[in-house]
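Protein chains: 2
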Amino acid sequence: MSQPDGRRRVVIHDPTLRDGHHAVRHTLSREQLSRYAAAADAAGVPVVEVGHGNGLGASSLQVGRAALSDDEMLSTVREALPNSKMGVFMLPGWGTADDLRRALDHGADVVRLGTHCTESDLTERHLGFLRDAGADAQCLLLMSHMADAARLAKECRRLEDFGATAVGIFDSSGHYLPPDVTERISTLVDAVRVPVIFHGHNNLGMAVANSVAAAQAGATVIDACARGFGAGAGNTQLEVLVPVLERTGFATGIDLYKVLDAADLAERELMPAPPTIDSVSLVSGLVGVFSGFKTRVLDIAGREGVDPRDIFFELGRRQAVAGQEDLIVDVALELRGARG
Amino acid sequence: MSQPDGRRRVVIHDPTLRDGHHAVRHTLSREQLSRYAAAADAAGVPVVEVGHGNGLGASSLQVGRAALSDDEMLSTVREALPNSKMGVFMLPGWGTADDLRRALDHGADVVRLGTHCTESDLTERHLGFLRDAGADAQCLLLMSHMADAARLAKECRRLEDFGATAVGIFDSSGHYLPPDVTERISTLVDAVRVPVIFHGHNNLGMAVANSVAAAQAGATVIDACARGFGAGAGNTQLEVLVPVLERTGFATGIDLYKVLDAADLAERELMPAPPTIDSVSLVSGLVGVFSGFKTRVLDIAGREGVDPRDIFFELGRRQAVAGQEDLIVDVALELRGARG
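Protein sequence lines, in the order shown, are assigned to chains A and B.
Numbering-wise (the UniProt record's numbering), the first sequence opens with residue 1 and increments by one.
Numbering-wise (the UniProt record's numbering), the second sequence opens with residue 1 and increments by one.
There is no bait here: all hints are sound.
A pair counts as met if it fits within one copy or between any two copies, since identical chains are not told apart.
No farther apart than 16 Å at their CA atoms in a straight line, the calculated lysine to aspartate or glutamate pairs in the EDC-like style are these: (1) Lys85 with Asp109; (2) Lys258 with Asp310; (3) Lys154 with Glu119; (4) Lys258 with Asp278; (5) Lys294 with Asp326; (6) Lys294 with Glu325; (7) Lys258 with Asp307; (8) Lys294 with Asp307; (9) Lys154 with Glu183.
FYI, nobody ran anything at the bench for these hints, they're computed from the structure.
Take the sequences, apply the hints, and build the full model.
Rendered as structure tokens:
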């Protein structure tokens, strides 16, 4: 979509209150959600996503209980968004059709489903329901570096056939460098007719550069969080990406000073400190392992007296994906055994 | 220079203990200098630079007194570097020929001179002295985005004629995007016979991407600091750049785990917190104004009741360079007047 001045429009999708939620163990209060959502809305951020870090229905002992229920989060944020759309995220299996129905009742405008990069068939039933409900139903492939461009294209075509209104990829472990993004996004843009989405992480310091590469390759929906709020090395930094995209020739429709105000508010009121790239996040990005493993890896490495970096390298060799936390213990014990 | 495996060698030059010094007002102790230098040496970092943030002879009331004298800093770091070279930096006018002589007496291997991007003639006498002394005398142009590629090439050829053993550019305000770096570095590589240097800052989240672009364009000396230690948004993050360069096909000769250890030590022992990109640093990068202005801009903006971002935009329009702190007051007063 071109602007009157010929610049291409990029829709910024802001998961600060969902992916950022990981960094504070899903404890944001009504007041925090409301104040940030209002600031993002005032800045003209098109979509503000909210929820437990792992999405609708995920609040649990296993991955952490959120301070608020999904209903409370959605009703709070909906009220704070006179202009922006409200987005939600769900991992099928963690959330159910009933969670989707309730999200739509709360006025969610954009409903996103995420699956592992080779498991897009898990979305078929939910996409059917969302299509019948007339929802904007976007689908993203997680850990997308674990599949090549052709495989991702095949999965995205299937998602489009199921009724997805936009498809795309998460760089869940922050593993990509810009040429990787260019290759994959170009392939997806050629493969589907719906908009293509990119969601980056900053483990290799490349989140902004990767997002620009994605836009240049034809992605028209890009995710970014205020101050990069997120677990580990964090997400693409929203208020950095916006002016960099504008300077690169894209239009975001977002007001610079107001998005800086929103980011200042986020730093002051949502997070203990903005994310930085520590050694463990860097290694998890390098080897392409989900950064959410970090806490568990550090715990187990400490307990077993193993270098956490060795665990990450071995998890990378074994192509570990989220949900395989048991593997961490196996790897640690083997490394300890091999050494001893 | 090619490695046996065909990968091109990039020399990483580490100014953690000099440029990073800005972030802690030049207060690093002997113990801190020594411990970091030893860790960087153990990792195989080729050059470790040390000194007051503004270089030799700069410790003063105006820009801040260092905790240690130049002599103390140099003798401490020299002892901690059995393998790595020791580097120093000097802004002619701040430091003198006598400072250079003393640095060589202390065993400095790499002596760097910096001037504003259009003022390279200021180095002629010092370069003559360093050439006669047989020193590795490198010259860098500050605020290099304020000159076009052709002008930078002209200045660098002059530096080469004066006897510089390597020449290059600082992205002092963190203003570049990768294509800007590619254009300038390629032009310099074509213009001179000596190695070309790139020194980035992270104001637009592009320090690592810009440094990779510099290496790909032919720069063979790249600066980077542990955890990006530096004022404002910080420098290129050393331990991120190293594996990213290696993955991109360059050889650094640096041990990954040991440079991670050095970075962990730097975060733990040198800095209150790693740098992040706050709104003021972002704006100073966008408009191309020296981030070192930040504290003064915030002070004056607060006193005069003006938005610090407006001051930065106006300083950018007026092409302010470091040393023109008086201009901040003028701009603030004018903005206040225009508003009232």
